[in-house]
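> For chain A, the structure is supplied; the task is to place chains B and C on it using the hints.
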Amino acid sequence: MNWKVLAAGALVIVPLIWILASGFGHDPHAIPTTTIGSPAADFALTSLEGDPVQLSKLRGKPVVLNFWSTWCGPCVGEHPLLQAAARQHPEVVFLGVLYGDEPGRARDYLKRAGSAYPTLVDESQRIVVDYGVAGVPETFFIAADGTIVEKVSGGLGQAQLLAALEKLK
Amino acid sequence: MNTPLPLLPLALALWVSPGFATPDRAAQQAGEQPSAMGATAQPAPAALPAEGDFPPAMMQAMAQRDAAQEAAAQEAPPAEEDFPPAMMQAMAERDAVQAVTATAPVEPAPQLAEAPAGPPVTDRAVIDQRAQAIAEGLRCPVCQGLSAADSQAESAIAMRTRAGDLVATGYSDAQINSYFVERYGEWVLLEPPRTGRHWLIWLGPLVLLGLGALVVAWRMTAVTKPSDAQRVGEQDDEDAYERRILDELERS
Amino acid sequence: MIPTLGRALLFLGLGASAAGISAGVIAGWRRSSEAARWTRNLTYVSAAAFGLAALLMVYALLVHDFSVAYVADVGSTTTPAMISVVSLWSSLEGSMLFWAFIAAAYAGFFAWGTRHDDPARVGWSLAVQLFVLLFFALLVAGEATPFALIDPTPTEGPGPNPLLQNHILMAVHPPTLYLGYVGMAVPFAMAVAALATGKLDASWTRTMRSWSLFVWAFLTLGIVLGGWWSYEVLGWGGYWAWDPVENASLLPWLTFTAFLHSLIVAERRGRLGLLALVLVIASFLLTMLGTFMTRSGVFNSVHSFTQSPVGPVFLGFLALCLVGSVLLLAARMDALKIEIGPKPRSAELVSREAGFLLANLVLVVFSATVLLGTVYPLINQAITGEQVSVGGPYYETMTLPLIAGLLALMGIGPALPWGGASTPVLLRQLLPPTVIAIAVGAIAKVMGLDNSWVHLTLTLATFAAVVSFREIWAPIGAALRRSGEPAWRAPFTAMAASPRRMGAHIAHLGVVVMAISIGFSTAYKQEAELNIELGQSTEWNGYTIGFLGAERIDDPHRTSTRAKLAVFEGRHDLGELMPALNKYPRMSQSIGTPAVINRPSEDLYISAVRVASDQVSIRAYVQPLVSWVWLGGILVVLGGLVAAVPRLRRRREQEREA
Numbered sequence: 006m007n008w009k010v011l012a013a014g015a016l017v018i019v020p021l022i023w024i025l026a027s028g029f030g031h032d033p034h035a036i037p038t039t040t041i042g043s044p045a046a047d048f049a050l051t052s053l054e055g056d057p058v059q060l061s062k063l064r065g066k067p068v069v070l071n072f073w074s075t076w077c078g079p080c081v082g083e084h085p086l087l088q089a090a091a092r093q094h095p096e097v098v099f100l101g102v103l104y105g106d107e108p109g110r111a112r113d114y115l116k117r118a119g120s121a122y123p124t125l126v127d128e129s130q131r132i133v134v135d136y137g138v139a140g141v142p143e144t145f146f147i148a149a150d151g152t153i154v155e156k157v158s159g160g161l162g163q164a165q166l167l168a169a170l171e172k173l174k
Numbered sequence: 004m005n006t007p008l009p010l011l012p013l014a015l016a017l018w019v020s021p022g023f024a025t026p027d028r029a030a031q032q033a034g035e036q037p038s039a040m041g042a043t044a045q046p047a048p049a050a051l052p053a054e055g056d057f058p059p060a061m062m063q064a065m066a067q068r069d070a071a072q073e074a075a076a077q078e079a080p081p082a083e084e085d086f087p088p089a090m091m092q093a094m095a096e097r098d099a100v101q102a103v104t105a106t107a108p109v110e111p112a113p114q115l116a117e118a119p120a121g122p123p124v125t126d127r128a129v130i131d132q133r134a135q136a137i138a139e140g141l142r143c144p145v146c147q148g149l150s151a152a153d154s155q156a157e158s159a160i161a162m163r164t165r166a167g168d169l170v171a172t173g174y175s176d177a178q179i180n181s182y183f184v185e186r187y188g189e190w191v192l193l194e195p196p197r198t199g200r201h202w203l204i205w206l207g208p209l210v211l212l213g214l215g216a217l218v219v220a221w222r223m224t225a226v227t228k229p230s231d232a233q234r235v236g237e238q239d240d241e242d243a244y245e246r247r248i249l250d251e252l253e254r255s
Numbered sequence: 284m285i286p287t288l289g290r291a292l293l294f295l296g297l298g299a300s301a302a303g304i305s306a307g308v309i310a311g312w313r314r315s316s317e318a319a320r321w322t323r324n325l326t327y328v329s330a331a332a333f334g335l336a337a338l339l340m341v342y343a344l345l346v347h348d349f350s351v352a353y354v355a356d357v358g359s360t361t362t363p364a365m366i367s368v369v370s371l372w373s374s375l376e377g378s379m380l381f382w383a384f385i386a387a388a389y390a391g392f393f394a395w396g397t398r399h400d401d402p403a404r405v406g407w408s409l410a411v412q413l414f415v416l417l418f419f420a421l422l423v424a425g426e427a428t429p430f431a432l433i434d435p436t437p438t439e440g441p442g443p444n445p446l447l448q449n450h451i452l453m454a455v456h457p458p459t460l461y462l463g464y465v466g467m468a469v470p471f472a473m474a475v476a477a478l479a480t481g482k483l484d485a486s487w488t489r490t491m492r493s494w495s496l497f498v499w500a501f502l503t504l505g506i507v508l509g510g511w512w513s514y515e516v517l518g519w520g521g522y523w524a525w526d527p528v529e530n531a532s533l534l535p536w537l538t539f540t541a542f543l544h545s546l547i548v549a550e551r552r553g554r555l556g557l558l559a560l561v562l563v564i565a566s567f568l569l570t571m572l573g574t575f576m577t578r579s580g581v582f583n584s585v586h587s588f589t590q591s592p593v594g595p596v597f598l599g600f601l602a603l604c605l606v607g608s609v610l611l612l613a614a615r616m617d618a619l620k621i622e623i624g625p626k627p628r629s630a631e632l633v634s635r636e637a638g639f640l641l642a643n644l645v646l647v648v649f650s651a652t653v654l655l656g657t658v659y660p661l662i663n664q665a666i667t668g669e670q671v672s673v674g675g676p677y678y679e680t681m682t683l684p685l686i687a688g689l690l691a692l693m694g695i696g697p698a699l700p701w702g703g704a705s706t707p708v709l710l711r712q713l714l715p716p717t718v719i720a721i722a723v724g725a726i727a728k729v730m731g732l733d734n735s736w737v738h739l740t741l742t743l744a745t746f747a748a749v750v751s752f753r754e755i756w757a758p759i760g761a762a763l764r765r766s767g768e769p770a771w772r773a774p775f776t777a778m779a780a781s782p783r784r785m786g787a788h789i790a791h792l793g794v795v796v797m798a799i800s801i802g803f804s805t806a807y808k809q810e811a812e813l814n815i816e817l818g819q820s821t822e823w824n825g826y827t828i829g830f831l832g833a834e835r836i837d838d839p840h841r842t843s844t845r846a847k848l849a850v851f852e853g854r855h856d857l858g859e860l861m862p863a864l865n866k867y868p869r870m871s872q873s874i875g876t877p878a879v880i881n882r883p884s885e886d887l888y889i890s891a892v893r894v895a896s897d898q899v900s901i902r903a904y905v906q907p908l909v910s911w912v913w914l915g916g917i918l919v920v921l922g923g924l925v926a927a928v929p930r931l932r933r934r935r936e937q938e939r940e941a
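Protein chains in written order, with the working numbering: chain A, 6 to 174; chain B, 4 to 255; chain C, 284 to 941.
What you were told as hints is all true, and nothing was included just to trick you.
Not everything, but these chain A residues come out facing chain B in the computed CB check (under 7 Å):
#, residue
1, Gly105
2, Ser129
3, Val134
4, Gly140
I should point out that these hints are in silico values taken from the structure, not numbers from a laboratory. Computed from a predicted model, the values in this text were never measured in an experiment. Ideal Cβ placement from N, Cα and C applies to all residues, glycine included.
Just chain A, same shape as in the assembly:
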């Protein structure tokens, strides 16, 4: 029995199996979130109706920033929830941001589906990178002092939305 080979083999096999096993339970496709706790990046954009909105001017009020598009299923799914929440919480500023879509299509969609708050358009999509957005829908909950207190990737559920709104208080 060649002990050197045995030892060398163990030295390679044990860490390898341990590392591979540690991969179970983690979703390799999950995208980690870094923006929670950091100050929300300022932006100055125009809404679909042509009205300008600047985030720094909204300091003092909590803001919900929802990135969406018309071609995204979960966005359409969470739309009524957000509309209802916007109406129920007039003290919170709700804003939508159009992601990778045409304003014309967004307007058509909102005409049909209803719109309780403005949707902003950023042609350069710079706000997408500023907020570390990887896809849609993503919703950021910004406290009155301008810090991001919660970020939800994927379609919002009712419970999730309520919990996040609590954090804004």
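Only chains B and C this time, still in chain A's reference frame:
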């Protein structure tokens, strides 16, 4: 005063529904969408009606509406109870929206917290080249394994545009990369940073190569003395072998 | 009916494999020809069972029998027949059945091919092959069996993954890759048999070599076709993304190539026999690791299947194989008698042996680097809990020097004589290729080649090419010098006389072609995003591209929106290109199919981003020399197949001696 009254809800409804509100500005916004690559502008979406499209009856109605509005402006506005609930709802939403939008002039938002490392860059070719190079080192957050330069996903396009903006402002490549890392995390870089933490992946192969070369050198020299080595010269044995084969082929 | 029959066949195969393992072990332990005969027959039964099961599944897919679970998952009445057949390997369960079928078929052919060989060796080899087969057979016949019965029978299915329906290469790439990948079990089994019986001799090595070359050629073909398919189908203009599943196929290829090279030294100079065995065992273990990487869902990849309970089972099997191999090596390597070539001959530091050893070192380090890069995100997450990415830039930085080293060794190695050489001989061998290589490099520089890596690659590749041409010419020249040999027949005579040398250098030339074309196509790739309105054209990079209109084609299984583009180069009409966006009922977003014009000098590659009736938005790429990557790859495969041709003279000699 009675004549314009039935028209008033119509006018208000028309005014509230966004699509009809400011056709000029909508067309303008839709028409001017400069793409990052500087290509030609896209045409306006399905056309909103322009003034010339309306039938004469509508034109007349609109003229009357305008006149009525002017007159109504001098009158007390209709009491809230007069409007149907749907109209009230729409008006409340409109008010909420107006409350949010600032009417003060907008200052451009600042770029990053820190100052740019260098002067602004104006050469379009240089900007594109540097932005492309930076994007090639960034990972597209949506697609698996593609760089932000190769991917056509919205996020990747946004990242390329953003990188270009920052280059133009004068930020250095290092600053731009750390900006992306701050927003997305270290995984957005397509290779781990060459800092001490990641020594295993950067130095591992080199160490392996070095050790291996040592082993090869040891095996080749330690066991034999030069006189023991059996040189064969210029492939003597191979040529002989081949000659034998060709001879045999000849015999067959 | 089909589900029951299918499951019955699977159980038959399972039983035959299990029994075959016992028979094989007995044959090996007791050196019994009777037991060996039993093992062979059981292997045939197993091969027949799995073969029939696979055919049955293909039949079920063709007739759209939705009572079969797998057909209900990937079948659809709207899918064309060809794609129905191909969907056998489109999803996890079917691909496992396909795997079992190929493994069983290989075992059957092996049993038949070695029927006159030493029963102990054959027994051990078949036992090992059947053991690997048994693992996959258990997965296929167990809980997640593709032959499960679905009751009540659905009337329609979702169809296979849309990305797999776009291109003919989908039919060819997985089978060739599997033929290579699954086939690695055969030389592995033979190595285990050698260790178990304690003897590695020339005839076993010859058999091992023939199998290995065949398997290696198919693995190479599978990898090259994978890149080609990715290029033609995915629309991002690239062909290799250093994706974990792609790396999984490359890892064993690298170590297996090292194995083939160490066999040469073992047969010629009696050295490196043990290294060869270690390399072939490592290659097989890497295929098991690769299977784990693909199917466990642990790795972040476009190709990988989702996480499932199968993952831990694979890990368990991988661990078992690893531990078993190390134990076997540790226990038996000292007792192993290697009698492959002449008595071990020593060699100097500057000799062909050293060249081979260095080449093996570089190949192994290459493999280790790719493995490290693939596994590192897991390591980092396990230790720090944070996520990190390892992508193209890392691999390029680390492997370019290694590839340069390999190109250099490909030239230096064959130029060095065995054992060592005096300085005059060395100069005579190395000087001409060096001079030519430097000359070519200088000319290229003068002609405007500014990228230093491409320049280095070109210089080293030329060096290796000159040496390979010289090596290919030597036997042809010898044949021509023979009196009475017609000139046209000389190459064939030479190939028949020394197939391995010819095959090896043809393969080296293939590598040279690939290296140069990969270098040029990546370094000088150009791309742009163009918007063209209906009836108008735009000029880019010497091409004029006009938008003729959009076309919508409604197939039962998908809706295609195609953009018709007229392409001119200067005034030369290159025809019509039709990049498309395909919408499948299963997916919400469209999948793009690019349109490519392949030409020897460069490819024009167009991907549709948005297609409207009045305007189209496309992404255009120009990549020089990219078609040569595929041609070079095929050349490598041809080289391997030529080298696999057994020397007829030797066989007849053996028969005469017998």
